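J.: Sequence:
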Amino acid sequence: MRPDTKAYDYVIAGGGSAGCVLAARLAEDPTVSVCLIEAGGKGRNLFIRMPAGNGFVFGNPKLDWGYQSVPQKELNGRQIYFARGKALGGSSIVNGMIYMRGVPADYDGWRQMGLPGWGYADLLPYFRRAEGSRDRRDAWHGTDGPLRTEPAANYGVLDRAFVAAAVAAGYEELEDFNGPVRTGVARNDSTVSQGIRQSSAISYLSAPPRNLTILTGQAVARVLFDGMQAVGVELLNGVAMRAEREVILCQGAFATPQLLMLSGIGPGDHLRAHGIEPLLEHSGVGSHLADHVDVSMQWGSDRLDLSHARYQRLDQAAGLMANWLWNGSGPGGGAFFSTVLFHAFDDPRLPELEVFMTPMVVDENIGGGMAEEAPWHQRLGRKLLVRGRKVARPGVQIDINQERPKSLGTVRLASADPTAHPLIDPNYFADPRDLDELVGGVKAMRDVMAQPQIAQYVTGELGIWKEARTDQQIVSAIRQTAYTGHHPCCTARMGGDHDTGAVLDGELRVRGVQGLRVCDTSAMPTQITGNLYATVVAMAEKAADIILQRPPLAAEYPTDHPGEDVA
Numbered sequence: 021m022r023p024d025t026k027a028y029d030y031v032i033a034g035g036g037s038a039g040c041v042l043a044a045r046l047a048e049d050p051t052v053s054v055c056l057i058e059a060g061g062k063g064r065n066l067f068i069r070m071p072a073g074n075g076f077v078f079g080n081p082k083l084d085w086g087y088q089s090v091p092q093k094e095l096n097g098r099q100i101y102f103a104r105g106k107a108l109g110g111s112s113i114v115n116g117m118i119y120m121r122g123v124p125a126d127y128d129g130w131r132q133m134g135l136p137g138w139g140y141a142d143l144l145p146y147f148r149r150a151e152g153s154r155d156r157r158d159a160w161h162g163t164d165g166p167l168r169t170e171p172a173a174n175y176g177v178l179d180r181a182f183v184a185a186a187v188a189a190g191y192e193e194l195e196d197f198n199g200p201v202r203t204g205v206a207r208n209d210s211t212v213s214q215g216i217r218q219s220s221a222i223s224y225l226s227a228p229p230r231n232l233t234i235l236t237g238q239a240v241a242r243v244l245f246d247g248m249q250a251v252g253v254e255l256l257n258g259v260a261m262r263a264e265r266e267v268i269l270c271q272g273a274f275a276t277p278q279l280l281m282l283s284g285i286g287p288g289d290h291l292r293a294h295g296i297e298p299l300l301e302h303s304g305v306g307s308h309l310a311d312h313v314d315v316s317m318q319w320g321s322d323r324l325d326l327s328h329a330r331y332q333r334l335d336q337a338a339g340l341m342a343n344w345l346w347n348g349s350g351p352g353g354g355a356f357f358s359t360v361l362f363h364a365f366d367d368p369r370l371p372e373l374e375v376f377m378t379p380m381v382v383d384e385n386i387g388g389g390m391a392e393e394a395p396w397h398q399r400l401g402r403k404l405l406v407r408g409r410k411v412a413r414p415g416v417q418i419d420i421n422q423e424r425p426k427s428l429g430t431v432r433l434a435s436a437d438p439t440a441h442p443l444i445d446p447n448y449f450a451d452p453r454d455l456d457e458l459v460g461g462v463k464a465m466r467d468v469m470a471q472p473q474i475a476q477y478v479t480g481e482l483g484i485w486k487e488a489r490t491d492q493q494i495v496s497a498i499r500q501t502a503y504t505g506h507h508p509c510c511t512a513r514m515g516g517d518h519d520t521g522a523v524l525d526g527e528l529r530v531r532g533v534q535g536l537r538v539c540d541t542s543a544m545p546t547q548i549t550g551n552l553y554a555t556v557v558a559m560a561e562k563a564a565d566i567i568l569q570r571p572p573l574a575a576e577y578p579t580d581h582p583g584e585d586v587a
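The letter at position 30 of the sequence shown is residue 50 when you use the numbering used here, and the numbering goes up by one with no holes.
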């Protein structure tokens, strides 16, 4: 390295959901120096802070990397848009702000895969340490953590009607999705506090200590090695940042495997094809991509007064903005997802489907980024309480997320250029059993929506769903409408010593080299039953203890924990 190279004990590549948490926790040790490198901006945008302003972030090239999948064979050749946050906080600046952990069986499955210390009882204290719940005071939740949570604010008439309809259809109404029972319907908790989105940057980096250096607008081109020892990173501008102890990659399910491959760690033939001499051949890098595929059904309504779509009118949008700017109150201070249902076909401990109800209809897969034309009076408001640049309309949208799809995909290099997006192939529906499961989900949600409690507010299904009645027609509709649930993971996964596909060991270390770890969704061993943000934060909390060699928090089992493992 050059003599003017800056040196730190720990260099973290990626200031996303995990990177911000990890940087803050490592820097709690005043004897170490930490450098956090983020390719995006500082994450101070007004609409990042404002929960209802998600549409000003989602699809905005200044704040969203805007990945695209390769054409999906089983989705009629369509490409799928993947929003990824482009600022401190990473994808926690663009997510739906739902606070949802996996179910105990997910993490107990990790432990049984040969990863001691990663079971549910091991992770619960880290969930609790991270969480600052406003209202919950029990053994399942934390109250003093940086990540503030509260019940979803925009819980209105249609949300209550949907819950009542689900109960009439046989679902249990739950008080807390993150408590002892998951299968059922409830108002969800949000990562929002006093009208402010709780991104990992807002939660953990509001007052960075002096031993933490944060660089924004700086992209990492590759990891630097001395033999098989990671010794730092090189930025796109050629500047090197030395790591005296470790380099930690926190760039997410797409960019972390890309950076590993650009640094010579990955499938050998693939690297050579792009002119990269492998340092370490590993077929697991960029493999095992898991995502929650989403099937979006829509029902029309003539009740604009009950729909989030009403806030797209200029006068309503102005009022929403004014209330939020004044004191963070009103609908502007809440996420647009307030109600969730989990459906289990067999075992209620492992529901296969997570269903989001939204009191408006909107096309979220914005594709090539084309903006939908809107009337003049909606040109400001159409981005409020909406993802992307689409016009919302009154109605009810039911998004069915498949929690543990059997179809797995890949992330591969498009070229050796670090600025080129990788080739993302989620490989949706490669396993036909995934389609069978979703057909069952469509039927189950039609049963709920037919109940009088919600049926009184809607006028019927919209678009292709109106005519999709037979199983074959439902499958055709799924192929035409499915897109990402925004939860990609497992592309540089942890695994036990016997697992030849595992890139990382149980302490998040890259196998075969020294001084290099990964901590983000790519490190997850398997997909989980729920949204990923809470789990990624807990993983980073635990990773900080591992890296600093602090004793792990004591395992916890609440007295009403089901206490059963999943084989």
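Just so you know, these hints were derived from the structure itself, not from any lab. Predicted, not measured: the structure shown is a model, and the values here were computed from it. Be aware that a few hints might be false.
[Unchecked claim] Derived DEER-like restraints, expressed as beta-carbon distance ranges: (1) Gly288 x Trp346: 55 to 61 Å; (2) Gly97 x Lys486: 52 to 58 Å; (3) Thr25 x Asn347: 46 to 52 Å; (4) Gly480 x Thr520: 48 to 54 Å; (5) Pro50 x Arg154: 29 to 35 Å; (6) Asp246 x Leu334: 58 to 64 Å; (7) Ala475 x Pro572: 27 to 33 Å.
[Said to hold, decoys possible] Straight-line C-alpha distance at most 30 Å; calculated DSBU-like pairs for lysine-lysine: (8) Lys93 x Lys463; (9) Lys426 x Lys82; (10) Lys426 x Lys463; (11) Lys93 x Lys62; (12) Lys26 x Lys62; (13) Lys82 x Lys26; (14) Lys426 x Lys486; (15) Lys486 x Lys463; (16) Lys93 x Lys426.
Backbone N, C-alpha and C define an ideal beta-carbon position, used for all residues, glycine too.
J.: For each hint, tell me whether it holds in the structure or not.
T.: Do the hints match the structure? See the list:
At about 59 Å, the CB distance of glycine 288 to tryptophan 346 agrees with the hint of 55 to 61 Å. A beta carbon spacing of about 24 Å between glycine 97 and lysine 486 contradicts the range 52 to 58 Å that was offered as a hint. At roughly 48 Å, the beta-carbon separation of threonine 25 and asparagine 347 lies within the given 46 to 52 Å, and the hint holds. Checking the proposed 48 to 54 Å range against glycine 480 and threonine 520 shows it holds: the Cβ atoms sit about 52 Å from each other.
Look at proline 50 against arginine 154: about 31 Å separates their beta carbons, and that is inside 29 to 35 Å. The hinted window of 58 to 64 Å between aspartate 246 and leucine 334 holds, with their beta carbons roughly 60 Å apart. A hinted range of 27 to 33 Å for the beta carbons of alanine 475 and proline 572 is inconsistent with their spacing of about 50 Å. At roughly 25 Å between alpha-carbon atoms, lysine 93 and lysine 463 fall within 30 Å of each other, so this suggested pair holds.
Restraint check: the Cα-Cα separation between lysine 426 and lysine 82 comes to about 34 Å, which exceeds 30 Å; the hinted pair is violated. With a CA separation close to 20 Å, the supplied pair lysine 426 and lysine 463 stays within the 30 Å bound. Among the hinted pairs, lysine 93 with lysine 62 is inconsistent with the structure: their alpha-carbon atoms are about 38 Å apart, more than 30 Å. Distance hint between lysine 26 and lysine 62 is fulfilled; the C-alpha atoms sit about 21 Å from each other, no more than 30 Å.
Pair hint lysine 82 plus lysine 26 holds up; C-alpha atoms about 28 Å apart against a cutoff of 30 Å. For the hint linking lysine 426 to lysine 486, the alpha-carbon distance of about 28 Å falls within 30 Å, and the restraint holds. Between lysine 486 and lysine 463 the CA atoms are separated by roughly 13 Å; this keeps the pair inside 30 Å, and the hint holds. Only pairs whose Cα atoms come within 30 Å are accepted, and lysine 93 paired with lysine 426 is accepted, the gap being roughly 16 Å.
When each numbered hint is compared with the structure, violations occur for hints 2, 7, 9 and 11.
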